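The primary structure of each chain is shown beneath.
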Amino acid sequence: MLHSGIDRAEGMPDFWGEECRQRHLVRYQFIETFQRFGYSLVELPLVERTELYLRKSGEDIVAQIYDFVYHNHRLCLRPDVTTSAIRAYLEHFPVGSVQRFCYGGTVFRHEPTTNYRQFTQMGVELIGSKGAIADAEVIYTACRSLQSIDLDNYRLVLGHIGILQQFLRKLNLSDRLAGILLAGMELLHQPGGKQKLENQLQANYLTKPETQQLAEVFGVMDEVSAREFILEMLSSLRIEINGNRHPQEIADRLLGKLKHRDQTHKVLKAIGFMERLGQLRGEPQAILVKAEDLLIEYEIDPEPLRELNQILQLLISFYGKKNLPNHISLDLGLTRGLQYYTGTIFELLDAEGNHLGGGGRYDDLVYTLGGHTSIPATGFSLNLETVCQTSKVKINSILSTAIISGTPELIPTTIDLAQKLRELVPVQMVLDDLSPPSPLLIVVESIHQCRLVDRRSNQEYLFTVPELLEFITHQL
Amino acid sequence: MNSASLRIAIPSKGALEKPTLELLTNIGLKVNRPNDRQYVASIPSLPSVEVIFQRAADIYTKVHEGSVDIGITGYDVVCEEDKNDHKVVVAYPELGYGKCSLVLAVPDSWVDVVSIEDLAELTLQWKEQNRILRIVTKYQNLTRDWLFAHRIVNFALVDAKGAMEAAPSMGYADMIADVTSTGTTLRENRLKPIQGGTMLKSQTCLIANRSALSGDREKLQTTQIILELIEANLMAKKFISVTANVQGFSVEEIGKKLTMTPELQEVTGLQGPTIAKVYSDTHSDWYAVTVVIPEVKLLPAITHLRTVGGTDITVFPPRYVFRSHCESSQKLVEILA
Chain A
0 MLHSGIDRAE
10 GMPDFWGEEC
20 RQRHLVRYQF
30 IETFQRFGYS
40 LVELPLVERT
50 ELYLRKSGED
60 IVAQIYDFVY
70 HNHRLCLRPD
80 VTTSAIRAYL
90 EHFPVGSVQR
100 FCYGGTVFRH
110 EPTTNYRQFT
120 QMGVELIGSK
130 GAIADAEVIY
140 TACRSLQSID
150 LDNYRLVLGH
160 IGILQQFLRK
170 LNLSDRLAGI
180 LLAGMELLHQ
190 PGGKQKLENQ
200 LQANYLTKPE
210 TQQLAEVFGV
220 MDEVSAREFI
230 LEMLSSLRIE
240 INGNRHPQEI
250 ADRLLGKLKH
260 RDQTHKVLKA
270 IGFMERLGQL
280 RGEPQAILVK
290 AEDLLIEYEI
300 DPEPLRELNQ
310 ILQLLISFYG
320 KKNLPNHISL
330 DLGLTRGLQY
340 YTGTIFELLD
350 AEGNHLGGGG
360 RYDDLVYTLG
370 GHTSIPATGF
380 SLNLETVCQT
390 SKVKINSILS
400 TAIISGTPEL
410 IPTTIDLAQK
420 LRELVPVQMV
430 LDDLSPPSPL
440 LIVVESIHQC
450 RLVDRRSNQE
460 YLFTVPELLE
470 FITHQL
Chain B
0 MNSASLRIAI
10 PSKGALEKPT
20 LELLTNIGLK
30 VNRPNDRQYV
40 ASIPSLPSVE
50 VIFQRAADIY
60 TKVHEGSVDI
70 GITGYDVVCE
80 EDKNDHKVVV
90 AYPELGYGKC
100 SLVLAVPDSW
110 VDVVSIEDLA
120 ELTLQWKEQN
130 RILRIVTKYQ
140 NLTRDWLFAH
150 RIVNFALVDA
160 KGAMEAAPSM
170 GYADMIADVT
180 STGTTLRENR
190 LKPIQGGTML
200 KSQTCLIANR
210 SALSGDREKL
220 QTTQIILELI
230 EANLMAKKFI
240 SVTANVQGFS
250 VEEIGKKLTM
260 TPELQEVTGL
270 QGPTIAKVYS
280 DTHSDWYAVT
290 VVIPEVKLLP
300 AITHLRTVGG
310 TDITVFPPRY
320 VFRSHCESSQ
330 KLVEILA
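Taken in sequence, the protein lines are chains A and B.
Counting in numbering that gives the first Met the number 0, the first sequence runs from 0 upward without gaps.
Counting in numbering that gives the first Met the number 0, the second sequence runs from 0 upward without gaps.
Bound conformation, chain A alone:
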């Protein structure tokens, strides 16, 4: 039968004690750092309309959204903060104005394979600023935030999604195929990844289609005749077109599909390029030289490389020549999984390679979410959970103290003493028979005198109020 307890929802963590204090401290330090770079704190809702994320987040994120219908509204728990920040920008600020938002907030992603499905993102969004200086400042803000909690041993990996996007655009692939290839870039980093990607594409894109002959027939017809031919064929086969699709839409898509049918050559070319791009990882200047050769070979505009170089030079200014960390690298196969990125992207990793956070430029998101024009924007978020696991930030232990009144008549005296002590340490009054497990217990025995039980050393002292305050001060 039913068990009496109620389980915690899967992936939703509880925090308490030291861990909770560590999170609070890190959160505070991060927000302080963000604000020092001119970012204003914003608080955005946890629940948004699902449609907001369907527009541009990318399949991987959308598939993890906690999506539900409430009173006929399709709503979700936000899977990231950036999209909400842009929604808020469009709602409250003139489009085109420069805004600097910072935030710390919970996001939810239903990832069946992980223990955490609720995360805390701490980050900034710089909306309306373009150019390498904006990217470099955002990247440096992220790094400075980690340094603010003494996490110096991080690695910064820079990439540029624009290179791959430009190449795929040139191939004129269908949106679906371009999306699969973009997502497949991550696969190529893994052992056997190329084979996996090819298998994924095999059935639909790497075989000669059965309709090849049909494609050839339509290939010699002009579009209008071909469309009329298809509609006539449907009508002669007595296939009725009902529902909410227009016959012309169906005919046009069929024609488009037939034209795009045999994509084997393009797909193989794309995989070949992606494989070589993915190998461009390592020391920035050496990689930039190699990358230039590759881009020339494939006739791709080298502007992304110039941007990366500018950002690297600006980072030297931010850090100061002597302090530039030697753990900055380039990875031109980096994609970050989110479809809204358009330019420079970056990730921050700890010494063991755990993902601490990342971000990048997303110039089209304002337009996609209804801004009528593209607005340059860049930002990052750090994952509080992984940062806290890695961080060695010191938490001063708190000398918590309990106080109890020796007799009911002494309760006013006890309240008064507790107030004085709270200026120094956290104090909880014992309100029932159970004494809390605090290291110090104070028993008020008269208006002038109290007994202090130090549970750490199992010693007891009789103190006047001034003596007690002096003792506690000395302990801190």
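Among the clues, some could well be false.
DEER-style ranges, computed between Cβ atoms [as the list claims (entries may be wrong)]:
#1 278/A with 195/B: 54 to 60 angstroms
#2 294/B with 278/A: 53 to 59 angstroms
#3 221/A with 128/B: 20 to 26 angstroms
#4 47/B with 18/A: 37 to 43 angstroms
#5 195/B with 213/A: 45 to 51 angstroms
#6 293/B with 67/A: 34 to 40 angstroms
#7 67/A with 47/B: 38 to 44 angstroms
#8 67/A with 336/B: 32 to 38 angstroms
#9 195/B with 91/A: 54 to 60 angstroms
#10 45/A with 32/B: 50 to 56 angstroms
#11 128/B with 278/A: 34 to 40 angstroms
#12 32/B with 239/A: 43 to 49 angstroms
FYI, nobody ran anything at the bench for these hints, they're computed from the structure.
Since this is a predicted model, take the numbers as computed values, not measurements.
By construction, the Cβ of each residue, glycine as well, lies at the ideal position given by its N, Cα and C atoms.
Given chain A's structure and the hints, the job is docking chain B onto it.
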């Protein structure tokens, strides 16, 4: 009613009721239901079992909440309702009836959509136009998870209201996701399943509440009896017993003739032929040869028996084939551990 130790839910009404009652009858567990309006029944040959009639769609929930201990329902229902908390275990996955597939189907007129990739392209094109693909289904969880796994995200699921197959032509959905066994209903409603769009193959299965069985030895044992009978009965459906009279000098001689080449092993019984002397007043040299073989091997077996001189060949279906141990019962114990 007896003081039942095990409560089993079985489908009431619908396509699964009759074959479920037949299965239980076939394994000697005939259900005694005083009248069709009663929802509680008994199994006289297994008095410790109480039978509860439920809608197939509700049986998973009943087993999950623990108000019944085990249940028989469609695997599609189990996957759809699965709460991923491991409270329900599948004790016997394929009972051999209620077979169907959960498919994505689009109107016949969508000549541009043949495969799942075509559908994916369509959703992306619609996304650009701020349109969303509406799919009507009773299988919201399975459909959503399957489409997500195939990187298709621009869709909205519409609650099934009445006859789902009519939804696309009535305009309140663009396509459907539903179970089909023969495809007739889809065809009649001018819908076609899309290639690569079969999301699940399903048939009836036996499920159990994990804590009910792991915490009660008697319930587990009763379930194991049911599993033993089901497994042996379903195994028997694959075999037939063939008996022939064969003339010869000795058991050894006939045995050797029957098993002389490795290819013949498949048609000479599970472990080999059983050969016994036929009793006769006259001193005849006739032997009875019995083999239990896969049904698909019947004609090769008959031919083989004839080549060694077999005649008067009779064929019977066995009711049970018990192996050295009950596999499903053993697996259940492993799952519960």
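Results for each hint:
1. 278/A with 195/B: 54 to 60 angstroms: Violated - the Cβ-Cβ distance for residue 278/A and residue 195/B, about 33 angstroms, lies outside 54 to 60 angstroms.
2. 294/B with 278/A: 53 to 59 angstroms: For residue 278/A against residue 294/B, whose Cβ atoms are near 58 angstroms apart, the range 53 to 59 angstroms holds.
3. 221/A with 128/B: 20 to 26 angstroms: 25 angstroms, holds
4. 47/B with 18/A: 37 to 43 angstroms: About 50 angstroms separates the Cβ atoms of residue 47/B and residue 18/A, which means 37 to 43 angstroms is violated.
5. 195/B with 213/A: 45 to 51 angstroms: 20 angstroms, violated
6. 293/B with 67/A: 34 to 40 angstroms: 50 angstroms, violated
7. 67/A with 47/B: 38 to 44 angstroms: 43 angstroms, holds
8. 67/A with 336/B: 32 to 38 angstroms: Between residue 67/A and residue 336/B, where Cβ atoms are some 36 angstroms apart, the hint holds.
9. 195/B with 91/A: 54 to 60 angstroms: Distance hint for residue 195/B, residue 91/A is violated at roughly 45 angstroms.
10. 45/A with 32/B: 50 to 56 angstroms: 51 angstroms, holds
11. 128/B with 278/A: 34 to 40 angstroms: 39 angstroms, holds
12. 32/B with 239/A: 43 to 49 angstroms: With Cβ atoms ~47 angstroms apart, the hint holds.
Comparing the model with each numbered hint stated earlier shows that hints 1, 4, 5, 6, 9 do not hold.
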